[in-house]
Amino acid sequence: MSKTHHKDSDRIIKLVHEYLGENSDKTILDEVADHMNGCPDCYIYINSVKQTIQLMKKVNQVKELPSEVEFRLYKSLKIKR
Amino acid sequence: MEINEKALIEKAKEGDQSALSNLIHEHSTNVYNTGLKILQNKAEAEDVLQETFLIMIKKIQSFEGKSSLSTWLYRVATNVALGKIRENKKLGNTLELDALDYEPLKGSQIKSWPTDLEKRWKDESIKACLERSLAELPTHFRLVFILRDLEGYSVESAAKSLGISKSNVKVRLMRARLFIRDKLATNLHCVEAVS
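Chains as they are written, first to last, in my numbering: chain A, 58 to 138; chain B, 40 to 234.
Rather than coming from a laboratory, the hints here were simulated on the basis of the structure. Since this is a predicted model, take the numbers as computed values, not measurements. Take these hints with a grain of salt, some might be off.
[Claimed, not checked] DSS-like cross-link-like pairs, simulated, lysine-lysine; straight-line CA separation at most 25 Å: (1) Lys114/A - Lys81/B; (2) Lys81/B - Lys135/A; (3) Lys132/A - Lys222/B; (4) Lys114/A - Lys205/B; (5) Lys97/B - Lys107/A; (6) Lys52/B - Lys115/A; (7) Lys137/A - Lys97/B; (8) Lys98/B - Lys107/A; (9) Lys137/A - Lys158/B; (10) Lys45/B - Lys105/B; (11) Lys166/B - Lys199/B; (12) Lys205/B - Lys71/A; (13) Lys50/B - Lys107/A; (14) Lys158/B - Lys71/A; (15) Lys222/B - Lys135/A; (16) Lys45/B - Lys114/A; (17) Lys161/B - Lys132/A; (18) Lys137/A - Lys52/B; (19) Lys71/A - Lys83/A; (20) Lys81/B - Lys123/B; (21) Lys132/A - Lys120/A; (22) Lys52/B - Lys135/A; (23) Lys123/B - Lys114/A; (24) Lys123/B - Lys132/A; (25) Lys98/B - Lys135/A; (26) Lys166/B - Lys115/A; (27) Lys137/A - Lys105/B; (28) Lys222/B - Lys115/A; (29) Lys132/A - Lys97/B; (30) Lys166/B - Lys135/A; (31) Lys50/B - Lys135/A; (32) Lys158/B - Lys114/A; (33) Lys115/A - Lys45/B; (34) Lys107/A - Lys161/B; (35) Lys81/B - Lys115/A; (36) Lys83/A - Lys205/B; (37) Lys132/A - Lys50/B; (38) Lys114/A - Lys52/B; (39) Lys222/B - Lys137/A; (40) Lys199/B - Lys114/A.
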């Protein structure tokens, strides 16, 4: 942990987790932004969490339904493709 | 909702099999992906796919179009998938807010976080890392993470869908984010070490 990691960091991270993705008021956003400006560890940490979420959105997704899965789907529904 | 889809829905309500078939074709990939993401299992995702469209066929008459068909199908698929987890008793015990605390920062992993991940996510090794990290996440954390962070449910909706309190959603979500981020950092270290 770098010397710039503040005592306040755990509280800020708690705030970020509380509000990440939820609407939060400007006071909280400003406080988080101010803290991150002076705390490289928090900056990297919070961005890495955001990045993790973005990357995970791309996991386990097929671009197209496999043809054999589609065949079984229509068969089970008794509908012609 | 697109005009074309509205027309297809109306035709499907009248029993037009071709319209029904087109609607299924249009939405099947998204429904399958929903099942796959929640259950992490292709066979179970296929069950979700079939059950979701069986429900659609049964209920299409009463579909009023208040939300888009894709939103409606997504909710149905999510509920079917969650039902499967409940059947298999994969949900685990309810976690009490007081029993969990926020994890401290992990300095070594913060500094080792790769900066070019987003550019490299298509690499097979990175993809495998991401999938492994998500699969390693315990189910009761994974569901909250998927519903809230990946699918954009509000805390309240996620709580309702999972039958847990809002504070429980928040705690599980934070734990999930930290778990998956740390797993990813560890797994990526393995990739970096062998490449």
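Against the structure, the hints:
1. A hinted pair counts as satisfied when its Cα atoms are at most 25 Å apart, and lysine 114/A with lysine 81/B qualifies at roughly 18 Å.
2. Proximity of lysine 81/B to lysine 135/A is assessed by CA-CA distance (about 22 Å); at most 25 Å being required, the pair is judged to hold.
3. At most 25 Å may separate the alpha-carbon atoms for a hinted pair to count; lysine 132/A and lysine 222/B exceed this at roughly 40 Å.
4. For the hint linking lysine 114/A to lysine 205/B, the alpha-carbon distance of about 23 Å falls within 25 Å, and the restraint holds.
5. Taken as a hint, the lysine 97/B and lysine 107/A pair is broken in the structure, with Cα atoms around 40 Å apart against an allowance of 25 Å.
6. Taken as a hint, the lysine 52/B and lysine 115/A pair is broken in the structure, with Cα atoms around 34 Å apart against an allowance of 25 Å.
7. Distance hint between lysine 137/A and lysine 97/B is fulfilled; the C-alpha atoms sit about 17 Å from each other, no more than 25 Å.
8. For a cut-off of 25 Å, the pair hint linking lysine 98/B to lysine 107/A is broken: about 38 Å separates their Cα positions.
9. The hinted pair formed by lysine 137/A and lysine 158/B fails the criterion: a straight-line CA distance of about 41 Å is larger than 25 Å.
10. Our distance criterion of 25 Å between C-alpha atoms is met by lysine 45/B and lysine 105/B, whose separation comes to about 12 Å.
11. Annotation: proposed proximity of lysine 166/B to lysine 199/B is violated, straight-line Cα distance about 31 Å (limit 25 Å).
12. Using a Cα cut-off of 25 Å, the hinted pair lysine 205/B and lysine 71/A holds, with the two alpha carbons roughly 16 Å apart.
13. With a CA separation close to 43 Å, the supplied pair lysine 50/B and lysine 107/A exceeds the 25 Å bound.
14. The straight-line distance between the Cα atoms of lysine 158/B and lysine 71/A is roughly 29 Å, outside the 25 Å bound, and the hint therefore fails.
15. The suggested pairing of lysine 222/B with lysine 135/A is violated, with an alpha-carbon distance near 43 Å, which exceeds 25 Å.
16. Between lysine 45/B and lysine 114/A the alpha-carbon distance is near 29 Å, which puts this suggested pair outside the 25 Å criterion.
17. Of the pairs offered as hints, the one joining lysine 161/B and lysine 132/A is violated, with about 34 Å between alpha carbons and a cut-off of 25 Å exceeded.
18. At most 25 Å may separate the alpha-carbon atoms for a hinted pair to count; lysine 137/A and lysine 52/B meet this at roughly 17 Å.
19. Our distance criterion of 25 Å between C-alpha atoms is met by lysine 71/A and lysine 83/A, whose separation comes to about 17 Å.
20. Proximity of lysine 81/B to lysine 123/B is assessed by CA-CA distance (about 13 Å); at most 25 Å being required, the pair is judged to hold.
21. At roughly 22 Å between alpha-carbon atoms, lysine 132/A and lysine 120/A fall within 25 Å of each other, so this suggested pair holds.
22. Under the criterion of a C-alpha separation no larger than 25 Å, the hint pairing lysine 52/B with lysine 135/A is consistent with the structure, at around 17 Å.
23. The suggested pairing of lysine 123/B with lysine 114/A holds, with an alpha-carbon distance near 22 Å, which does not exceed 25 Å.
24. Restraint check for lysine 123/B and lysine 132/A: the C-alpha separation of about 22 Å stays at or below 25 Å, so the hint holds.
25. A distance of roughly 16 Å separates the Cα atoms of lysine 98/B and lysine 135/A; the hinted pair therefore holds under the 25 Å criterion.
26. Of the pairs offered as hints, the one joining lysine 166/B and lysine 115/A holds, with about 9 Å between alpha carbons and a cut-off of 25 Å not exceeded.
27. At most 25 Å may separate the alpha-carbon atoms for a hinted pair to count; lysine 137/A and lysine 105/B exceed this at roughly 28 Å.
28. Only pairs whose Cα atoms come within 25 Å are accepted, and lysine 222/B paired with lysine 115/A is accepted, the gap being roughly 17 Å.
29. Taking the CA atoms of lysine 132/A and lysine 97/B, the gap is near 16 Å; set against the 25 Å cutoff, the hint holds.
30. A C-alpha spacing of about 36 Å is found between lysine 166/B and lysine 135/A, which places the hinted pair above 25 Å, so the restraint is violated.
31. In summary, the hint linking lysine 50/B to lysine 135/A is supported, as the alpha carbons are separated by about 18 Å, within the 25 Å threshold.
32. Taking the CA atoms of lysine 158/B and lysine 114/A, the gap is about 14 Å. The hint holds against a cut of 25 Å.
33. Restraint check for lysine 115/A and lysine 45/B: not satisfied, since their Cα atoms lie roughly 29 Å apart, outside the 25 Å limit.
34. For the hint pairing lysine 107/A with lysine 161/B, the CA-to-CA distance comes to about 18 Å; that is within 25 Å, so the pair holds.
35. This hinted pair checks out: lysine 81/B and lysine 115/A have alpha carbons roughly 16 Å apart, not beyond 25 Å.
36. Between lysine 83/A and lysine 205/B, the direct Cα distance comes to roughly 22 Å. Compliance with the 25 Å bound is thereby established for this hinted pair.
37. Simply put, lysine 132/A and lysine 50/B have alpha-carbon atoms about 21 Å apart, close enough for the 25 Å limit, and the pair holds.
38. Restraint check for lysine 114/A and lysine 52/B: not satisfied, since their Cα atoms lie roughly 34 Å apart, outside the 25 Å limit.
39. Between lysine 222/B and lysine 137/A, the direct Cα distance comes to roughly 44 Å. Violation of the 25 Å bound is thereby established for this hinted pair.
40. Among the hinted pairs, lysine 199/B with lysine 114/A is consistent with the structure: their alpha-carbon atoms are about 22 Å apart, no more than 25 Å.
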